[in-house]
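Engineer: Residue 62, in my numbering, is where the sequence shown stops; the numbers in between run on with no holes.
Simulated from the structure, these hints should not be mistaken for lab results.
It is possible that part of the hints are untrue.
[Said to hold, decoys possible] Quick list of the computed label-pair ranges, beta carbon to beta carbon:
no. : residue 1 : residue 2 : range
1   : V54       : G23       : 49 to 59 Å
2   : R49       : V29       : 20 to 30 Å
3   : E53       : G24       : 38 to 48 Å
4   : G61       : V37       : 52 to 62 Å
5   : D32       : E53       : 29 to 39 Å
6   : G61       : D20       : 35 to 45 Å
7   : I27       : R49       : 44 to 54 Å
If you're wondering where the values come from, they're calculated on a predicted model, not measured in any experiment.
C-beta atoms are modelled at their ideal positions from N, C-alpha and C, and glycine is treated no differently.
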Amino acid sequence: MTSVVDAASDGDADDRDPFGGARIEVPEDEMRTVAKPQILVGRAKRKIDEVATLLTYGR
């Protein structure tokens, strides 16, 4: 039986660098611009859930 690492390696595990090579990097200001609407939607959802719980259970 082999482990996932053994099955995924091409032979010599010391040569394998999971952080090497090309990667996608997003600037922090762009990530905040994208995340801001999601944060607002999450807050609105939480408030709607609180109101629905209040109406349903009366607490």
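Engineer: For the pair R49 and V29, does the Cβ-Cβ distance stay inside 20 to 30 Å?
Structural biologist: 26 Å, holds
Engineer: Given the range 38 to 48 Å, decide if the beta-carbon distance of E53 to G24 lies inside it.
Structural biologist: Hint holds: Cβ distance 46 Å, inside 38 to 48 Å.
Engineer: Between G61 and D20, is the Cβ distance one that fits in 35 to 45 Å?
Structural biologist: For D20 against G61, whose Cβ atoms are near 58 Å apart, the range 35 to 45 Å is violated.
Engineer: That 44 to 54 Å hint for I27 and R49 (C-beta), does it hold up?
Structural biologist: Between I27 and R49, where Cβ atoms are some 30 Å apart, the hint is violated.
Engineer: Indicate whether the distance between the beta carbons of G61 and V37 respects the range 52 to 62 Å.
Structural biologist: 39 Å, violated
Engineer: Cβ-Cβ distance between V54 and G23: within 49 to 59 Å?
Structural biologist: 50 Å, holds
Engineer: In this structure, is the beta-carbon distance linking D32 and E53 contained in 29 to 39 Å?
Structural biologist: 32 Å, holds
Going down the numbered hints, you'll see the structure goes against 4, 6 and 7, while the others check out.
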